[in-house]
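Since the structure of chain A is provided, determine the placement of chains B and C with the ligands on it from the hints.
Protein chains in written order, with this note's numbering: chain A, 1 to 112; chain B, 1 to 112; chain C, 1 to 112.
Source of the hints: derived by calculation from the structure; they are not laboratory data. Some clues are possibly wrong.
A pair holds if it fits inside one copy or across any two, identical chains being indistinguishable in the list.
[Stated by the list, open to error] The list that follows gives simulated cross-link-like pairs (lysine-lysine, DSS-like), each with its CA atoms no further than 27 Å apart: (1) K3 - K72; (2) K72 - K95; (3) K85 - K12; (4) K17 - K3; (5) K85 - K17; (6) K72 - K85; (7) K12 - K72; (8) K17 - K72; (9) K85 - K3.
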Amino acid sequence: MQKIEAVIQPSKLDAVKDALLEVGIEGMTILEARGHGRQKGHTEFYRGREYTVDLLPKIKLEMVVPDELVEKAVQAIVSSARTGKIGDGKIFLSKIDEAIRIRNDERGASAL
Amino acid sequence: MQKIEAVIQPSKLDAVKDALLEVGIEGMTILEARGHGRQKGHTEFYRGREYTVDLLPKIKLEMVVPDELVEKAVQAIVSSARTGKIGDGKIFLSKIDEAIRIRNDERGASAL
Amino acid sequence: MQKIEAVIQPSKLDAVKDALLEVGIEGMTILEARGHGRQKGHTEFYRGREYTVDLLPKIKLEMVVPDELVEKAVQAIVSSARTGKIGDGKIFLSKIDEAIRIRNDERGASAL
Ligand SMILES: Nc1ncnc2c1ncn2[C@@H]1O[C@H](COP(=O)(O)OP(=O)(O)OP(=O)(O)O)[C@@H](O)[C@H]1O
Ligand SMILES: Nc1ncnc2c1ncn2[C@@H]1O[C@H](COP(=O)(O)OP(=O)(O)OP(=O)(O)O)[C@@H](O)[C@H]1O
Ligand SMILES: Nc1ncnc2c1ncn2[C@@H]1O[C@H](COP(=O)(O)OP(=O)(O)OP(=O)(O)O)[C@@H](O)[C@H]1O
Ligand SMILES: [Mg+2]
Ligand SMILES: [Mg+2]
Ligand SMILES: [Mg+2]
Numbered sequence: 001m002q003k004i005e006a007v008i009q010p011s012k013l014d015a016v017k018d019a020l021l022e023v024g025i026e027g028m029t030i031l032e033a034r035g036h037g038r039q040k041g042h043t044e045f046y047r048g049r050e051y052t053v054d055l056l057p058k059i060k061l062e063m064v065v066p067d068e069l070v071e072k073a074v075q076a077i078v079s080s081a082r083t084g085k086i087g088d089g090k091i092f093l094s095k096i097d098e099a100i101r102i103r104n105d106e107r108g109a110s111a112l
Numbered sequence: 001m002q003k004i005e006a007v008i009q010p011s012k013l014d015a016v017k018d019a020l021l022e023v024g025i026e027g028m029t030i031l032e033a034r035g036h037g038r039q040k041g042h043t044e045f046y047r048g049r050e051y052t053v054d055l056l057p058k059i060k061l062e063m064v065v066p067d068e069l070v071e072k073a074v075q076a077i078v079s080s081a082r083t084g085k086i087g088d089g090k091i092f093l094s095k096i097d098e099a100i101r102i103r104n105d106e107r108g109a110s111a112l
Numbered sequence: 001m002q003k004i005e006a007v008i009q010p011s012k013l014d015a016v017k018d019a020l021l022e023v024g025i026e027g028m029t030i031l032e033a034r035g036h037g038r039q040k041g042h043t044e045f046y047r048g049r050e051y052t053v054d055l056l057p058k059i060k061l062e063m064v065v066p067d068e069l070v071e072k073a074v075q076a077i078v079s080s081a082r083t084g085k086i087g088d089g090k091i092f093l094s095k096i097d098e099a100i101r102i103r104n105d106e107r108g109a110s111a112l
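Next comes chain A alone, as it looks inside the complex (with noise of 0.2 Å):
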């Protein structure tokens, strides 16, 4: 089981979350944020207001997937959430010991 967490614009959540599913992601964990990134100086638009490169509004979602989905899932992300300009965002890998659904104790990848 992997974990992939991706920081994307607001604006591409309703398309990243479809194409997740296309793929067959359903579970995941959504958080506002801010984000900080390269490019001083550059500005980005958010619902009419300009932002700095400082404490950009951003959307964090958190996904635990199967090894086998892991590269759809990226795929799926990258190519939903990108516009081509800056500040599109980052995707970040990392390992799941274990997932354990709470209603039944259910253990492992069929827990996802």
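Same frame as chain A, now just chains B and C with the ligands:
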């Protein structure tokens, strides 16, 4: 040291915190999140409002604990967060390589 | 690549960001969190309001950095976030297996 990430129903936060305190876990970080689960079409209620499977309000708990407390913590979370209904949540375990207490530079499990 | 997670006092965010920039760390994600620490009965002040140990407002920073910057980043955070009083916060380190820049599919440390 391991990181325990738990996504739970917001109404269960107090019960889960109490159960964790009882097994000796005090330090934890709490984030407001939204969740996307399985069971499309299913709805959950939160503060009198009905949510479909999409973007349900959830609480995410993060706690780093010494290895010997992991299973006790998981049991405490499962038994205090469970209602038996779908949507009860998930727990994920992963490895933490180092912990540092900012106040005094203490490192390792004694910094938890 | 490693992930640095730091839970700090909200009033220290600007100082910590500046200290990280000075050691060359630009990319980071910032989350609003609440913390539960040790020292029951102890209170902390935030924006004129008094909080007990329970659910103190905290800022959580997440940044993925190349291995050779980890200790510099930790030192930058510790020295800029420390007040010497309880509640200064924690830093956790863990391994990241891959990073992807969404704009151009760049991978690895050069995507950070
Ligand atoms: N190294 C990092 N660690 C944690 N979060 C990061 C990191 N780099 C970027 N982020 C998060 O991703 C968001 C978007 O980053 P961004 O896409 O601007 O990255 P970038 O490296 O500047 O790429 P680009 O050149 O395409 O803009 C940031 O606002 C921040 O929230
Ligand atoms: N694979 C996952 N990765 C990250 N977060 C997840 C994952 N699966 C679930 N979650 C989070 O946990 C919350 C609760 O999930 P939920 O308990 O509905 O899981 P489930 O697999 O549908 O189990 P159940 O059948 O008991 O409902 C979701 O709203 C989401 O925030
Ligand atoms: N083990 C932990 N896991 C996850 N988050 C933690 C942990 N310990 C502390 N935190 C987070 O860090 C915040 C600050 O913790 P704090 O600095 O009070 O730690 P402490 O161990 O009590 O140290 P001190 O004695 O200096 O107060 C907490 O409010 C919580 O958000
Ligand atoms: Mg950028
Ligand atoms: Mg469900
Ligand atoms: Mg404390």
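These are the hints, each one checked on the structure:
1. In this assembly of identical chains, the alpha carbons of K3 and K72 lie at most 27 Å apart whether taken from the same copy (13 Å) or from different copies (23 Å).
2. Both within a single protomer and between protomers do K72 and K95 lie at most 27 Å apart by alpha-carbon distance, with minima of 17 Å and 22 Å respectively.
3. In this assembly of identical chains, K85 and K12 lie within 27 Å of each other by CA distance solely inside one copy; the values are 13 Å within and 31 Å between copies.
4. For the homomeric pair K17 and K3, the shortest alpha-carbon distances inside one copy (16 Å) and between copies (25 Å) are both at most 27 Å.
5. Proximity of K85 to K17 under the C-alpha cut-off of 27 Å is found in both arrangements, the shortest distances being 20 Å within a copy and 24 Å between copies.
6. In this assembly of identical chains, K72 and K85 lie within 27 Å of each other by CA distance solely inside one copy; the values are 23 Å within and 30 Å between copies.
7. Proximity of K12 and K72 under a CA criterion of 27 Å is satisfied intra-copy only: 18 Å inside one chain copy versus 34 Å between copies.
8. Only within a single protomer do K17 and K72 lie at most 27 Å apart by alpha-carbon distance; the minimum there is 13 Å, versus 34 Å between protomers.
9. Within a single copy, K85 and K3 get their C-alpha atoms as close as 26 Å, and across copies as close as 25 Å, so both meet the 27 Å cut-off.
In the structure shown, no violation is registered for any of the earlier numbered hints.
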